[in-house]
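Make a model of the complete structure from these sequences and hints.
Below, each chain spelled out in residue letters.
There are 2 protein chains.
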Amino acid sequence: MIDHASTDARPSTSVEDVTCGPIYASHKTYLGVAAPGYDDNATTPPPFTDNTTDGPGVTMQVPARRIELTDGTSFDVYDTSGPYTGYTTAADCHDLAVGLPRTREEWPHPRPVPASVSVTASSSHSSPSPVATSSGAPAPAPAPLVRTQLAWARAGLITPEMRFIAAREGVDVELVREEVAAGRAVIPANHRHPESEPMIIGKRFMTKINANIGNSAVTSSIAEEVEKMVWATRWGADTIMDLSTGKDIHATREWILRNSPVPVGTVPIYQALEKVNGDPAALTWELYRDTVIEQCEQGVDYMTVHAGVLLRYVPLAATRVTGIVSRGGSIMAAWCLAHHRESFLYTHFAELCEILARYDVTFSLGDGLRPGSIADANDEAQFAELRTLGELTRIAKAHGVQVMIEGPGHVPMDKIVENVRLEEQWCEEAPFYTLGPLATDIAPGYDHITSAIGAARIAEAGTAMLCYVTPKEHLGLPNLDDVKTGVITYKIAAHSADLAKGHPRAQERDDELSRARFEFRWKDQFALALDPDTAREFHDETLPAEPAKTAHFCSMCGPKFCSMRISQDIRDYAAEHGLETVEAIEAGMAEKSAEFADAGGRVYLPLSGA
Amino acid sequence: MIDHASTDARPSTSVEDVTCGPIYASHKTYLGVAAPGYDDNATTPPPFTDNTTDGPGVTMQVPARRIELTDGTSFDVYDTSGPYTGYTTAADCHDLAVGLPRTREEWPHPRPVPASVSVTASSSHSSPSPVATSSGAPAPAPAPLVRTQLAWARAGLITPEMRFIAAREGVDVELVREEVAAGRAVIPANHRHPESEPMIIGKRFMTKINANIGNSAVTSSIAEEVEKMVWATRWGADTIMDLSTGKDIHATREWILRNSPVPVGTVPIYQALEKVNGDPAALTWELYRDTVIEQCEQGVDYMTVHAGVLLRYVPLAATRVTGIVSRGGSIMAAWCLAHHRESFLYTHFAELCEILARYDVTFSLGDGLRPGSIADANDEAQFAELRTLGELTRIAKAHGVQVMIEGPGHVPMDKIVENVRLEEQWCEEAPFYTLGPLATDIAPGYDHITSAIGAARIAEAGTAMLCYVTPKEHLGLPNLDDVKTGVITYKIAAHSADLAKGHPRAQERDDELSRARFEFRWKDQFALALDPDTAREFHDETLPAEPAKTAHFCSMCGPKFCSMRISQDIRDYAAEHGLETVEAIEAGMAEKSAEFADAGGRVYLPLSGA
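Protein chains in written order, with my numbering: chain Z, 1 to 610; chain C, 1 to 610.
Mixed in with the good hints there might be a few duds.
Any copy, or any two copies together, can satisfy a pair, since identical chains are not distinguished.
[Said to hold, decoys possible] Within a straight-line C-alpha distance of at most 20 angstroms, the following computed SDA-like cross-link-like pairs (lysine to any residue) qualify:
1. Lys501 / Asn378
2. Lys415 / Asn378
3. Lys501 / Asp379
4. Lys415 / Asp511
5. Lys501 / Val417
6. Lys275 / Ser74
7. Lys247 / Ala143
8. Lys28 / Ile293
9. Lys28 / Arg521
In short, the hints are calculated from the structure, not lab data. Because the structure is a prediction, the values reported are computed rather than measured.
Below you can see the structure in the form of C-alpha cells.
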C-alpha cells in the first residue's frame, strides 16, 4: 500500500496507468518451484549443514516469457517484466495505489545466523578507523545474529530466493549459495520489498543490467517515473535505480517500490542533500543515517554509498580534465573540504553496516572518483578510492552485509580490463557494477553506443552488472524512448558478454534466431529479437505487404538474388549428390571432369534448384 | 562528365540536388601541400632511391574541417566530405551532371616501374593453379611495368597521393610509403577516378570506415543513391561501396563516381549476374572479365572478388546454421557446384591481377564463406577460405596490385582477436577490412550496435577499415537516417579503437570535448561531437531556452545540484588553500583538526564557493 504519510508532501498526481500487455508473439509463463520450510524450533546451533524441512513449505512461481514460434515450438527467455506483461491490457492491471502482491512475505526463511564478524582492521593510514561500531568500541565484538542472504549462505543455508534464482537462471542451487557465500554474487532483496522477484548479480550468472530513472528539479513527475520503471523492466532491466533529486522523492520511491518486480537501488545522499536544501556542508552523519533508515524501511534493495571518497584523495582530482563527475562523490568531497574532516560515511561505516544488515540491504560502494573523461581514466584518484572500497568490502561482509562495487565511467578500451583485475584483487571479487564505461568522449547523443562498446568489454572481463547509459547522457533526462534504447543496447552488451564468457544457455537464443533467419521465418525472427516491435517495423518499411512475412527473400537482395536462398539450394544439392565432405566433392569433381570431357566440353549445365 | 552511353538504359531521373552546406560551427579549410614533379626523361632504371624533382610540381589542397570554439580557438578534424560542406547552400553546388574537378589528373606521377613478380606458386592441392597468366604460360614471366602505389612504394618512390595522405593523417610521408610498400596499407585510387581525395587504409593509420549504398531490384533510385553517398561522406565515411543490384547499375555508379570525393568500391559479380538475368550457372570468366574492365574504366577504386570460394570448400558450409550468407560467395558456390569446376575467379586470378594493375584498382578479397551467425564463427569453411586469400594476396602483390582482405561477419567477442591474428599470419598483414562483426544475433533492428561492439574490438586488434552496418541490417535497405546512424556508430567504433591503439592524435579531440563539457561550454561540446545536430537537439528537448546554452548546469542535476559545478568549487578551493597534494591536505587536516578542537568542536562551517 502506498504510504502517503511520508516526510514529503502528498504527491500532486496519482499514477493511473502504465504499459501492460504481452510482448509480440509471446506470453508470460511461470514455473512452480518448491521452497521447503525451516524448523524454527531446531535447537542445533547454526551454522546448519543442511536445511531442515519441518516447517511449512510453499511453491514459488518463477517467471519466464514464452515465445511461440511458427513451427509449433516455443522458446522461453529470462523475464524481468513482472505481471505487467501477463495482463492482457492496462485495464487488467492491479491497483497501482495498492501495489504488487507481497509474495516474499509468505516464503519460509531461515532464522537469524551469526554475521560472522572476523574483520582485520586496516590501520595503514592516519584516518579514523571505519571499523568502530556505533557504541564506540573497536572491533571485534560478539557476532550479532542477522538475516541476510550472505550470512545464510555462509551458514550453508539455502533460502527460497536462492532456489528461485537457480530455477530462473537454469543453474544448480548450490552454485548460487556458494557464490553468495564467497561474496562473489549478491541477491539484493530487502525484507521490506517483498514484491520483488529475486535475482542474482555475479559473474558466474547472466550479466545483469540496471536502468536509472528518477526526476530532477528541472523535469518529470511521479507518474512518468513509475511508467519508466514498468517500461524499463518490460524490455529487460534487471534492477532499477531511482535517482530522484527533485520534489516528492519519498513518494516517488514509494510508488516505484510497491510496484516494482525488480530490486530498486538508490543513492541516499541525494535525498539527504535535499533535506539540507542542497548545501553539502550542512550534511551530518545523523541526518544521513536517518535518511538511510527511512529508505531501508521503505524497501530499497541496494544503496550507493560513496564511502571511499577520503579527504586525502580529493586533491588528486583537482588537476583532472573533468574533476569529480559523480554527484555523490562531489558532495562528499565538498563536505570533507568544508569541514577538513574525514568523510562521515567512512568514519561511521560500521554503523551503516549494522543498519543495512537488519534489512539485508546490499551495499553498492560508489565510485565517487570515477573518471569522467578518457583523459582521467585509471588515474591515481580512481584507484586510490578503489583500494579503500576493498577495505570497506571486508568490513561490510564481516557484518553479514552483501556488497557490490561500482566502476567507471569513461575508459579507453585498452584500459578496461585492468579495472576488473584490480577490482577483483582489492575487493575480494565482490560483484563489479559499472556505468558503461564510455570508450570515447566524442559522441554526445550516442553515448548508449560509446558505452555499450566499453560495457561489453568490461562484462566479458567479469563485470556482473552494467548500468545503462541512454542517448541523452550528458545532454538531458531520458524519455521513454531513450529508456528503451538504453535498455535494449545494454541487453546487447550483456548478452554479447555472456556469449563470450560461454555462459551455458546464452547461445541458444542466437542459434534459434539464426535458424529462423536462414529459413525465412520472418515472424520468428522478430519474436526472438530483443525488440520485436522495432524489427518488425523496420522490415515493414521496405516490404509492408503481409505475404512478405513468409517470402523466401528479403528487401536487400530481392526475389531472384538472395544468398540465403542460393545457400539453401547449395545445401539441398550437396545433400542430394552426397557432396558433404571435401573428399566427396573432390572425387565428384574428378568424375565430373571426365564427364565434362566426354560430353564434349559443354560449359553450361543446368543449375539444380535455381 | 556523366557517361550516358552506358550498357544500361539511360536513367529515368537526373540528380538535381544533394545535401550541401557546412556542419555546425565549422567550415571547410585546406592545407596547401607541395607535390614535386618527376623527371620523365631520367635514364636511371628503377627502383629510384629518391624522387627526382625536375618535372613540374603542383600544390595540392588537403582538406580538413575547422571547428570554431567559443573561447576563440579552433580545432581541425579529418574531413571526408569533399567540397559539399564547403558550399554555403545547395545552390552553390557544382553541376552534378559534370561532376567534381578531376584534380588528380593534374598531379605529377612517377613513370611505370616493375611490378616485381617473384611469386612462388603454391601447389599443395589438386586445383588448377591461379598463377597461370592469360597467355596460359606458368609463372614466372618478365616483370611488367606498372603504375600502382604498391609498385611505386616498393621502388622507393613517393607519390603525390602519399604526400597528401601524410599531411591529412599528420604522419611522416616515409611511414606512408613504407606501409604501402610492405603491403600493410593500401591507397585505393584508380587512375580513372581523379576526382577522389587520396586516403590510406592500414593499421598504422586512423581506422577507416566504409558505408555501403546501392539500389536493389526492390527499391531506391539513382538520385537517392547519390544523395546517400554525399550524406555518408558528410558524416565521415572514408569510402563508399556501391552494391547496386537492380536496374541502372552502370549509370548509378557513373553518377556516384563522378561526384564522389572518396574511393568507391564495388562487387563486380553483382553486375555480371544481372547480365545473365540472375542465373549463377550462366556466368562465364569472359563475361565477368568484361564487367571488371568496364568498372575499371569507369573509375572504381577497389573491387570485392570472392576468389577464395573454392569448390572443395563449398560442402564445408552445407552443415552450417546459416550456410553461405555472402551474396558473392553464394553465387560462386552455386557456379562451382553447377559446373563441378573450380571457380573461374581463382583459375583466372592472375589475369584479373593484370587488369587491376593497369588502373591501380585495389583488390578487396571477399570472404564469401564468412559466418552469418554466432554458431558458424571461426569454422573450417571460414578459415579454409582465409588461407586461400593469403595465397591470392601473394599473387596480387607480385603483380603490383594492392590488396586488402575482407573479414566477418558474426563473431562472439572471445573469437574476434583470432580472426586478426590468422589474417595477419596468412595474408602478410594485408589491411583487414571487416563487416562488423556482430557480437550477437539476437538484436535485429540494432545491428549497428551489435556490430559496433565487435567492430571496436576487431579494430583495436588491428583491423584497418570497418564496413558499417545500419539499423536496417537483416531487415531492409537503409534510408538516409539509417546511413547517418551507421556512419556515426562506426566513427565511434573506429575512434574508440584509435584511442585504444594510442594513435598519436586521437585523444586530442576527446580532451577538447571533455574540457568543453567540464567548463559548460555547451556549444563547443556540440561542435566537437561526431554529430553536433543530434547533440544539440537532445539538449534542447530538456532545456530549450537559449540561456541554457551558457548555463553552468545541466538538466540532469538542475542548477543547485551539479557535480561539475561542485567539482569546480573543489578545484578552486583546493587551489586557494594550497591543497593540491595528499601531503598538503593531510597536514592541513591535522592543523584544522586542532583548530576544530580549539574552536569548541563546531561541526558546521561555511562552504567556500557554495
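Verification of the supplied hints:
1. Lys501 / Asn378: Answer is between: at 16 angstroms across copies they meet the 20 angstroms cutoff, but 24 angstroms inside does not.
2. Lys415 / Asn378: within (7 angstroms within a copy, 27 angstroms between copies)
3. Lys501 / Asp379: between (28 angstroms within a copy, 18 angstroms between copies)
4. Lys415 / Asp511: between (32 angstroms within a copy, 16 angstroms between copies)
5. Lys501 / Val417: Close inside one copy (14 angstroms) and across copies (15 angstroms); limit 20 angstroms.
6. Lys275 / Ser74: neither (52 angstroms within a copy, 44 angstroms between copies)
7. Lys247 / Ala143: Neither way: Lys247 and Ala143 sit 40 angstroms apart in one copy and 80 angstroms across, limit 20 angstroms.
8. Lys28 / Ile293: Answer is neither; intra-copy 36 angstroms and inter-copy 59 angstroms both fail.
9. Lys28 / Arg521: Classified as neither: same-chain Cα gap 22 angstroms, cross-chain 48 angstroms, threshold 20 angstroms.
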